[in-house]
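These are the residues of each chain, in order.
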Amino acid sequence: DTGVSQDPRHKITKRGQNVTFRCDPISEHNRLYWYRQTLGQGPEFLTYFQNEAQLEKSRLLSDRFSAERPKGSFSTLEIQRTEQGDSAMYLCASSLRTSGGPGLNEQFFGPGTRLTVL
Amino acid sequence: GENVEQHPSTLSVQEGDSAVIKCTYSDSASNYFPWYKQELGKRPQLIIDIRSNVGEKKDQRIAVTLNKTAKHFSLHITETQPEDSAVYFCAASDGSGTYKYIFGTGTRLKVLA
Numbered sequence: 025d026t027g028v029s030q031d032p033r034h035k036i037t038k039r040g041q042n043v044t045f046r047c048d049p050i051s052e053h054n055r056l057y058w059y060r061q062t063l064g065q066g067p068e069f070l071t072y073f074q075n076e077a078q079l080e081k082s083r084l085l086s087d088r089f090s091a092e093r094p095k096g097s098f099s100t101l102e103i104q105r106t107e108q109g110d111s112a113m114y115l116c117a118s119s120l121r122t123s124g125g126p127g128l129n130e131q132f133f134g135p136g137t138r139l140t141v142l
Numbered sequence: 011g012e013n014v015e016q017h018p019s020t021l022s023v024q025e026g027d028s029a030v031i032k033c034t035y036s037d038s039a040s041n042y043f044p045w046y047k048q049e050l051g052k053r054p055q056l057i058i059d060i061r062s063n064v065g066e067k068k069d070q071r072i073a074v075t076l077n078k079t080a081k082h083f084s085l086h087i088t089e090t091q092p093e094d095s096a097v098y099f100c101a102a103s104d105g106s107g108t109y110k111y112i113f114g115t116g117t118r119l120k121v122l123a
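So the sequences go chain by chain: A and B.
Take any residue in the first sequence, note its place counting from 1, add 24, and you have its number in this note's numbering.
Take any residue in the second sequence, note its place counting from 1, add 10, and you have its number in this note's numbering.
The set of hints was computed from the structure by calculation and includes no laboratory data.
Each hint should be verified, as a subset may be incorrect.
[Stated by the list, open to error] In silico DSS-like links for lysine-lysine, alpha-carbon gap of 27 Å or less:
hint: 1; chain 1: B; residue 1: K52; chain 2: A; residue 2: K35
hint: 2; chain 1: B; residue 1: K120; chain 2: B; residue 2: K68
hint: 3; chain 1: B; residue 1: K67; chain 2: B; residue 2: K120
hint: 4; chain 1: B; residue 1: K67; chain 2: B; residue 2: K78
hint: 5; chain 1: B; residue 1: K81; chain 2: B; residue 2: K67
hint: 6; chain 1: A; residue 1: K35; chain 2: B; residue 2: K47
hint: 7; chain 1: B; residue 1: K120; chain 2: B; residue 2: K47
hint: 8; chain 1: B; residue 1: K120; chain 2: B; residue 2: K32
hint: 9; chain 1: B; residue 1: K68; chain 2: B; residue 2: K47
hint: 10; chain 1: B; residue 1: K47; chain 2: B; residue 2: K32
hint: 11; chain 1: A; residue 1: K38; chain 2: B; residue 2: K120
hint: 12; chain 1: B; residue 1: K47; chain 2: B; residue 2: K81
hint: 13; chain 1: B; residue 1: K52; chain 2: B; residue 2: K78
hint: 14; chain 1: A; residue 1: K81; chain 2: B; residue 2: K120
hint: 15; chain 1: B; residue 1: K67; chain 2: B; residue 2: K52
hint: 16; chain 1: B; residue 1: K81; chain 2: A; residue 2: K81
hint: 17; chain 1: A; residue 1: K81; chain 2: B; residue 2: K68
hint: 18; chain 1: B; residue 1: K78; chain 2: B; residue 2: K68
In this text the structure is predicted, and so the values were computed from the model without any measurement.
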């Protein structure tokens with residue numbers, strides 16, 4: 025499968041615990057996005073990387089959340105001191121920015137990590 | 011903040027009929043509008059997209075129209091089939107340069123056989 029992959033697919037944790045999710049984008053894609061999707065809602069933007077640089081963070085991303093993309097390939101999203109309100113599907117998407125192109129290229133989504141905080 | 015509104019939230023149609031989903035956006039700098047289909051428990055999948063320099067785009071039974079002046083765009087599915095049943099999300103790219111998507115709240119489409 026050459027698409028975007030995410031691990032784990034499901035995570036159940038107790039309130040107060042830390043969790044880390046991983047996203048592996050399509051190999052040549054230089055842009056990576058994290059979104060959060062709650063039941064019955066559309067995905068909400070969390071953060072964006074171009075290569076290894078984190079260029080934008082949503083105000084939804086409190087200081088308990090941190091994301092990295094150390095070598096411009098895979099990315100991790102960590103949530104510290106989880107709260108019940110963090111329960112959601114965390115989606116990763118990647119796209120390719122081509123030099124000289126319009127910059128607006130399709131984002132390919134991963135299957136998501138479903139987090140349940142008890 | 012930037013916003014995308016989507017209507018209706020649920021839509022039931024008979025097999026073979028047409029379905030229309032409408033969205034409005036607030037960011038006048040948005041210039042790319044994708045539509046995603048999400049089946050239960052699966053990832054969102056792009057079904058069609060339109061750029062701001064085009065008013066209409068069609069791909070077999072699916073079409074999208076864009077009215078930049080009114081900041082409206084719509085998805086049209088003709089000759090609906092049971093396998094079209096899913097949740098559909100519209101989105102608008104933000105105009106800031108990150109090209110992140112602002113999504114609508116989704117439309118649950120049910121095609122009745």
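Against the structure, the hints come out as follows:
Annotation: proposed proximity of K52/B to K35/A holds, straight-line Cα distance about 16 Å (limit 27 Å). Annotation: proposed proximity of K120/B to K68/B holds, straight-line Cα distance about 22 Å (limit 27 Å). At roughly 24 Å between alpha-carbon atoms, K67/B and K120/B fall within 27 Å of each other, so this suggested pair holds. For the proposed pair K67/B and K78/B, the alpha carbon gap of about 14 Å is at most 27 Å, so the pair holds.
With a CA separation close to 16 Å, the supplied pair K81/B and K67/B stays within the 27 Å bound. Taken as a hint, the K35/A and K47/B pair is honoured in the structure, with Cα atoms around 24 Å apart against an allowance of 27 Å. This hinted pair checks out: K120/B and K47/B have alpha carbons roughly 13 Å apart, not beyond 27 Å. Using a Cα cut-off of 27 Å, the hinted pair K120/B and K32/B holds, with the two alpha carbons roughly 16 Å apart.
A C-alpha spacing of about 16 Å is found between K68/B and K47/B, which places the hinted pair at or below 27 Å, so the restraint holds. A threshold of 27 Å between alpha carbons decides the hint, and for K47/B with K32/B the separation of about 14 Å falls inside it, so the pair holds. Taking the CA atoms of K38/A and K120/B, the gap is near 36 Å; set against the 27 Å cutoff, the hint is violated. A C-alpha spacing of about 22 Å is found between K47/B and K81/B, which places the hinted pair at or below 27 Å, so the restraint holds.
Between the alpha carbons of K52/B and K78/B the distance comes to roughly 31 Å, so the proposed pair goes past 27 Å and is violated. Between K81/A and K120/B the alpha-carbon distance is near 36 Å, which puts this suggested pair outside the 27 Å criterion. Between the alpha carbons of K67/B and K52/B the distance comes to roughly 26 Å, so the proposed pair stays at or under 27 Å and holds. Straight-line distance between C-alpha atoms of K81/B and K81/A comes to about 26 Å, which keeps the hinted pair within the 27 Å bound.
A C-alpha spacing of about 35 Å is found between K81/A and K68/B, which places the hinted pair above 27 Å, so the restraint is violated. Of the supplied pair hints, the one linking K78/B and K68/B holds, its CA atoms being roughly 18 Å apart against a limit of 27 Å.
Checked against the numbered hints above, the structure breaks hints 11, 13, 14 and 17 and satisfies the rest.
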